[in-house]
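A.B. asks: Protein chains in written order, with the numbering used here: chain A, 1106 to 1511; chain B, 9 to 88.
Hints were generated in silico from the structure; no laboratory data involved.
Just so we're clear, the structure is a prediction, and the values are computed from it rather than from any experiment.
For every residue, glycine included, the Cβ atom is placed at its ideal position computed from N, Cα and C.
Any given hint could turn out to be false.
As the list claims (entries may be wrong) - Distance condition first, Cα-Cα at most 30 Å in a straight line; then the derived DSSO-like pairs of lysine-lysine: (1) A:Lys1118 x B:Lys27; (2) A:Lys1277 x B:Lys84; (3) B:Lys84 x A:Lys1239; (4) B:Lys28 x A:Lys1118; (5) B:Lys84 x A:Lys1280; (6) A:Lys1371 x A:Lys1313; (7) B:Lys84 x A:Lys1258; (8) B:Lys84 x B:Lys27; (9) A:Lys1239 x A:Lys1313; (10) A:Lys1144 x A:Lys1402; (11) A:Lys1371 x A:Lys1211; (12) A:Lys1402 x A:Lys1211; (13) A:Lys1180 x A:Lys1402; (14) A:Lys1277 x A:Lys1313; (15) B:Lys27 x A:Lys1313; (16) A:Lys1306 x A:Lys1277; (17) A:Lys1239 x A:Lys1258; (18) A:Lys1211 x A:Lys1180; (19) A:Lys1211 x A:Lys1144; (20) A:Lys1280 x A:Lys1371; (21) A:Lys1313 x A:Lys1258.
Unchecked claim - Just a few of them, taken from the derived set where beta-carbon distance is under 7 Å, the chain B residues facing chain A: (22) Met50; (23) Ile63; (24) Ser65; (25) Met66; (26) Asn67.
Stated by the list, open to error - Computed Cβ-Cβ distance ranges for the label pairs, DEER-style: (27) A:Gly1508 x B:Ala55: 35 to 41 Å; (28) B:Gln86 x A:Glu1212: 47 to 53 Å; (29) B:Lys27 x A:Asp1271: 32 to 38 Å; (30) B:Ala70 x A:Gly1508: 29 to 35 Å.
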Amino acid sequence: MSENASQPDLFSKFDPLIQQREALLASGVQDPFSLVMEKVLSPTRALCNGRETILLGTYNYMGMTFDPDVIAAGKQALDEFGSGTTGSRVLNGTYAGHRAVEEALKEFYGMDHAMVFSTGYQANLGIISTIAGKGDYIVLDIDSHASIWDGCKMGDAEVVPFRHNDIEAMEKRLKRIPEGAGKLVVLEGVYSMMGDIAPLKEMIAIAKANGAMVLVDEAHSMGFIGPNGRGVAEDQGVLDQVDFVIGTFSKSVGTVGGFCVSNHPKFEIMRLVCRPYVFTASLPPSVVATAATSIRKLMHGANKRAHLWENSRTLHAGLRALGFQLGTEVPQSAIIAVIMPDLERGAAMWEALLHEGLYVNLARPPATPAGMTLLRCSLCAEHSAEQVRTIIGMFERAGKAVGIIL
Amino acid sequence: MDRAQTDARIRGIIEPFNKKGIEISDGATFAGDFEFDSLTVMDFVAAIEDEFDIIISMNQQAEIENFGQLVDAVCKLQRD
Ligand SMILES: Cc1ncc(COP(=O)(O)O)c(C=O)c1O
Chain A
1106 MSENASQPDL FSKFDPLIQQ REALLASGVQ DPFSLVMEKV LSPTRALCNG
1156 RETILLGTYN YMGMTFDPDV IAAGKQALDE FGSGTTGSRV LNGTYAGHRA
1206 VEEALKEFYG MDHAMVFSTG YQANLGIIST IAGKGDYIVL DIDSHASIWD
1256 GCKMGDAEVV PFRHNDIEAM EKRLKRIPEG AGKLVVLEGV YSMMGDIAPL
1306 KEMIAIAKAN GAMVLVDEAH SMGFIGPNGR GVAEDQGVLD QVDFVIGTFS
1356 KSVGTVGGFC VSNHPKFEIM RLVCRPYVFT ASLPPSVVAT AATSIRKLMH
1406 GANKRAHLWE NSRTLHAGLR ALGFQLGTEV PQSAIIAVIM PDLERGAAMW
1456 EALLHEGLYV NLARPPATPA GMTLLRCSLC AEHSAEQVRT IIGMFERAGK
1506 AVGIIL
Chain B
9 MDRAQTDARI RGIIEPFNKK GIEISDGATF AGDFEFDSLT VMDFVAAIED
59 EFDIIISMNQ QAEIENFGQL VDAVCKLQRD
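Next comes chain B alone, as it looks inside the complex (with noise of 0.2 Å):
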């Protein structure tokens, strides 16, 4: 899967989160923008998670604050 197509599918996946209609750039926050409480969080990389079937660990999450990073992210793990 290459990353437009990643990309494309964690659109999908923020869609029900995304309460406040965020417009989704790379650069959209998930604390600062999306306003994502902790429990959010968890509901939401666990989704991702299943679609991609991969681990997101809690330290690597730390690194993740906007969803250009997460897309990123997803890829790497995907490779992995």
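Same shape as in the complex, but just chain A (with noise of 0.2 Å):
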């Protein structure tokens, strides 16, 4: 510890949140930052102190983690390739696995070109930083997600953000932007926090008409929205015109890793040209190889996605009725956020329905849009009807407990 009184603690700008955290865990709730699942049973059950709890908080859309074919690859992989690579994608890194998840995207998205990172957050933080380079501008929205406000503070370009799918801020916005200058344009397609998609149609097209290039984050929609699961940007009929997706196995696909998928015909450079794919160990090949098994099954997955958003709109109908806030009007992805008036309360709340056998993540600032708390729930393709319906009572009381519903 610092010795020396009159020396600057590097620490002391964390003091608010420090206290802010001492003065929630006063009030006598669990700490919702520190939850350890001692087992998990299934892509919709875990151990959490001692107890079956149904998760409803993690991103395994379509509840691929335990898939039995998905399990034998990572295991053969295991066998077959050791427990890792040691080395970066362009060193010693690549070995066929890497290359055979590369060719499983490419026939998902039916795109040229598909380069695998370590994880999603890397993808953007490589990607945008290395494409957007002085004297270009990226435009973007201002609820993107952090690995996007990274990848875009660790460039040299300038940044221009717009109010939350604001179509005509985004235009306003491109068309002041000087002649000659590089542009690209920043979207998702599902907003993690609210769980509400973007109008890509019509943004896309707008960005298309003032000469930007456009990349689109679809993290959250892989799998289950779009005729082929594409996501967002295939959903609205513009995937075409997308120049960059990017994104992670740590959802739909129920492994690790990140990516991006291109048909622009130079993509091939950003093997060599991008830090956060050069610098850095590739991934396990016990990963890819589970990775590109899922992507594959993910292409045949129209049950499961036909049942997960039954899952979506039955939750949303059900919380909707108990009198709950929710971030959207209608179930528009697999994610429904429940508005808490504030944090103590928030916090009280995913500790009560915690007791009553049920995982959410809580969300608060500075994640979440406009300073709320929010209590995100993400559906799986694996839960059953009868789950939803337990939930949607578990929410009943716990919400009556604290007090948010009448």
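Using the hints, build the complex out of the two chains.
C.D. replies: Below is the structure:
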């Protein structure tokens, strides 16, 4: 610890957050940010604090984490290729499995190029910071994911945000960019805090009319939005207008990793110039094997997809009928955000639900828009209709106990 | 538009955002004196951008801490 009192403590900038956290815990609630799952029983059930708990706060949308084919592929790769690559993709870290998962992605999206990163965070960080350079402009939605913002911060481009999903605000900013400057518009298919989707059709048309390239992060739509599960851009019929799709293996695919797919003829040069791709170790062989198997199965997931949407609609309608305030008027994705009056009651509600045997995500600023505290529910294709009914009952009891609903 | 005119127009725009009625001077800071949070900053910047038909990128915003610097930046952006 600091022995010289006059020396500034670099941690003093965190004091307000430390105090807020201490005050919250002093009120007696369990720390919502340090839950441990002792055992995971299935994509929808785990043991937390010794109690069987329904999982409604994972991004395991398609329930692929326990798929027998996926697990078998992982085990086989572990046996045949070992536990890790110990190297960068551009040196000793590209195994047959890395190529195979990139082939699976190209097929899944019907695109010419696919590049796999160690996480989705790094995919955004790498692609955005590399393609938009000094003198270029990035026009992006103010509610963009942290990895998009960090990609902007890491690069040298001018960064111009616009109000969430505001088509006119985006257009005005595009039109004000100086003649001749390179332009990148960055959008998301599904915004994961509120679970709302973007009007990509209109926005991409305007971006293209103003000479911008378009990057869409489809992290929360892969596998179940659009006729082939390619995401919101496919659903709105504009995927062919998107220059770069960013995605992740950590949600519907059910493992870890990130990617960018593109039809840009020069795309492959990214492998040499994109630092978050080059200067980090590649994914373990078992991970890319599970990802490739999962992606190929997602191509044929129509039934699961239909059931996931049914779950989303049932939960949305049920929570609404109970009087909860939700992030969207109608369910637009597999995320239903329940708006809490404040952090204290949000944390109390989170804990009450956990006591009921339900895990949801507590989200708060700065991750959330407009300083909101949210209980984010994300559904899984493996939730049974009965589980969804049980979940609604748990919300009713917890909501009444905490005084969020009457 | 000269500096005085720009200054006057920005004073008009800041009014609805100046909830605490802070006295506006060149040295008044947005974070410290006006206590703008990030959402207010976005709305306020958007209002200025629309009024003057300019872009104030996040990179440029990072250099602007007080009212006087904002007026200077807007003057410069209008000339560019
Ligand atoms: C919109 C969005 N983009 C990117 C990511 C990063 O994904 P990953 O978990 O693979 O780093 C996430 C996940 O948190 C996300 O929500």
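A.B. asks: Are any of the numbered hints broken by this structure? If so, which, sorted upward?
C.D. replies: 15, 19, 29 and 30
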